[in-house]
Amino acid sequence: MNSLFHSYASPYVPVRLLPPHQLRPHLSQVGKIRMESSSVKAQAATEVTEAPMNEGLKKGIAEFYDESSGVWESVWGDHMHHGFYESDTTASLSDHRTAQIRMIEEALSFAGVSDDPIKKPKTIVDVGCGIGGSSRYLAIKYGAQCQGITLSPVQAQRAQSLAAAEGLDDKVSFQVADALQQPFPDGQFDLVWSMESGEHMPNKAEFVSELARVAAPGATIIIVTWCHRNLSPSEDSLKPDEINLLNKICNAYYLPAWCSAADYVNIAKSLSLENIKTADWSENVAPFWPAVIRSAFTWQGFTSLLRSGWKTIKGALVMPLMIDGYKKNLIKFAIITCRKPE
Amino acid sequence: MRLLTHNMLSCNIKGVTNGFPLKLEADKWVTKEVDLNADFLRGVFPKIEWPALVAAARALDYGDLPEQADGSMLTSEDFLRRFHHALLELHVEEGALVCPETGRKFPISKGIPNMLLHEDEV
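Taken in sequence, the protein lines are chains G and D.
Under our numbering, the first sequence has 118 at position 118, and the numbering climbs by one with no breaks.
Under our numbering, the second sequence has 68 at position 68, and the numbering climbs by one with no breaks.
Where hints are given, some of them may not hold.
What the simulated footprint calls covered on chain G by chain D, stretch by stretch (three residues with Cβ under 8 Å from a Cβ of chain D suffice, anywhere in the stretch; the number is not a length) [said to hold, decoys possible]:
| no. | stretch |
| --- | --- |
| 1 | 160–173 |
| 2 | 222–233 |
| 3 | 289–303 |
Label pairs and their calculated CB-CB ranges [as the list claims (entries may be wrong)]:
| no. | chain 1 | residue 1 | chain 2 | residue 2 | range |
| --- | --- | --- | --- | --- | --- |
| 4 | D | S72 | G | P217 | 20 to 28 Å |
| 5 | D | K23 | G | N329 | 49 to 57 Å |
| 6 | G | R97 | D | T31 | 17 to 25 Å |
| 7 | D | K105 | G | W299 | 45 to 53 Å |
| 8 | G | N329 | D | K105 | 47 to 55 Å |
| 9 | G | T89 | D | L74 | 47 to 55 Å |
| 10 | D | T31 | G | F302 | 39 to 47 Å |
| 11 | D | K23 | G | P290 | 48 to 56 Å |
| 12 | G | R307 | D | Q68 | 49 to 57 Å |
| 13 | G | P320 | D | P51 | 55 to 63 Å |
Keep in mind that the hints were calculated from the coordinates and are not lab data.
Using N, Cα and C, we set each Cβ at its ideal position, and we do this for glycine too.
Build out the structure end to end from the sequences listed, making use of the hints.
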């Protein structure tokens with residue numbers, strides 16, 4: 001039974017997050033978090049033995065997406081990320097695909113990625129590529145070569161099939177690989193793209209460091225991710241009820257501890273990345289989770305869920321908590337972009 | 001996995017300094033024809049490690065690439081055709097990529113390489 005469901009202990013019981021100004025570049029906040037649970041032995045705050053925890057996390061992530069990708073795709077299509085909406089709109093289901101594409105375009109625009117034939121990106125890496133929606137979109141948009149990496153073999157396979165079906169077999173390719181150990185030489189890519197995958201990375205500093213490593217000189221790095229709110233200067237950590245909420249979400253979605261957008265900015269600074277920009281897009285994604293919940297209650301959504309498996313159902317049950325988190329201004333949807341120095 | 005992809009992959013095991021190029025061991029491969037795009041080929045050529053491409057193509061029994069290549073050859077239709085074929089039309093379905101330094105094999109299954117490291121390799 002254990003082999004079917006990788007037990008994943010949520011990272012927050014109890015938790016003490018370092019305030020941003022204490023964040024050291026070579027050690028992420030997560031490495032300093034003391035975690036206790038019934039299935040994982042307590043680890044001292046100073047002892048950073050992440051390996052057993054991360055193996056469970058990686059397997060959990062792979063299995064979660066192996067199991068649930070099909071359901072998502074059948075209801076939502078090939079983009080597995082939030083849509084971007086004008087503030088205060090209620091969107092209908094047909095608007096959502098447009099919104100998901102708009103999210104990609106808004107991110108590129110925010111980062112200042114050029115359309116110019118000489119300056120546009122020629123090689124792109126899609127870190128946490130899902131079933132390749134972004135990869136295919138970016139490859140077409142820029143006529144570029146795109147590599148996608150995912151922990152899920154099912155997703156990689158599906159991504160490749162979709163690429164072949166769209167005649168993009170020669171432009172995009174997918175590998176099963178770990179974002180924290182990308183199988184590429186240094187400086188390979190003109191555009192490094194992470195669309196809603198940062199949430200899964202157990203070591204944010206290592207994650208951004210790898211993004212920077214595979215970025216070519218002058219390349220643009222784009223991270224779009226869920227974060228928790230920035231801590232105020234007087235705060236040492238999130239409040240207990242906030243931690244409880246995130247705990248439940250982490251457990252269902254195979255997420256390690258969250259950080260804030262400010263933390264990402266600090267990590268980028270510590271890596272001497274340039275032109276660092278960030279924005280809070282929480283208001284622009286607000287219609288998304290209610291729409292996802294509504295879709296789960298359609299006949300197709302519901303039957304797909306029932307057929308999928310426990311991990312997917314658990315993920316679905318936790319969706320109202322995401323809305324709760326956004327409403328409480330605890331959960332933020334952020335973009336962080338920067339450039340690798342020339 | 002096409003050889004274009006192979007040309008971009010390297011072994012990332014901790015401590016390995018010479019992880020590129022990965023040696024290609026192919027058990028099953030197919031040819032899938034795709035339209036030749038000269039502009040694309042000319043654009044991607046500077047990023048290609050030519051000896052790695054030649055070696056990988058040989059592993060798939062394709063020996064028609066010149067040992068060395070430079071930009072001036074890109075005007076030759078014959079060269080472009082061979083380059084195109086090796087880079088984009090040969091697909092490895094089953095096999096492995098082997099780290100040149102450690103000998104570690106990364107499996108290729110249904111055309112997808114699995115580059116995940118074991119715990120002790122990180």
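Tested hints:
Proximity of the stretch 160–173 of chain G to chain D, defined as three or more residues with a beta carbon under 8 Å from a beta carbon of that chain, is established by the 4 residues found. Under the rule that three or more residues need a Cβ within less than 8 Å of chain D, the assignment of the stretch 222–233 of chain G is violated, with 0 such residues. Only residues whose beta carbon comes within less than 8 Å of a beta carbon in chain D count, and the stretch 289–303 of chain G has 0; fewer than three means the coverage is violated. A C-beta distance of roughly 26 Å is found between S72(D) and P217(G), which places it inside the suggested range of 20 to 28 Å.
Checked against the hint of 49 to 57 Å, the pair K23(D) and N329(G) passes, with Cβ atoms roughly 53 Å apart. The beta-carbon spacing between R97(G) and T31(D), approximately 35 Å, falls outside the hinted interval of 17 to 25 Å. Separated by about 46 Å at the C-beta atoms, K105(D) and W299(G) satisfy the suggested range of 45 to 53 Å. Separation of N329(G) from K105(D) is about 49 Å and conforms to the stated range, judged on CB atoms against 47 to 55 Å.
A hinted range of 47 to 55 Å for the beta carbons of T89(G) and L74(D) is consistent with their spacing of about 50 Å. In this structure, T31(D) and F302(G) meet the distance hint of 39 to 47 Å, their C-beta atoms being roughly 44 Å apart. Taken as a hint, the range 48 to 56 Å holds for the pair K23(D) and P290(G), whose Cβ atoms sit roughly 52 Å apart. At about 55 Å, the beta-carbon gap between R307(G) and Q68(D) stays in the expected band of 49 to 57 Å.
Range check, P320(G) to P51(D): about 56 Å between beta-carbon atoms, so the 55 to 63 Å window is met.
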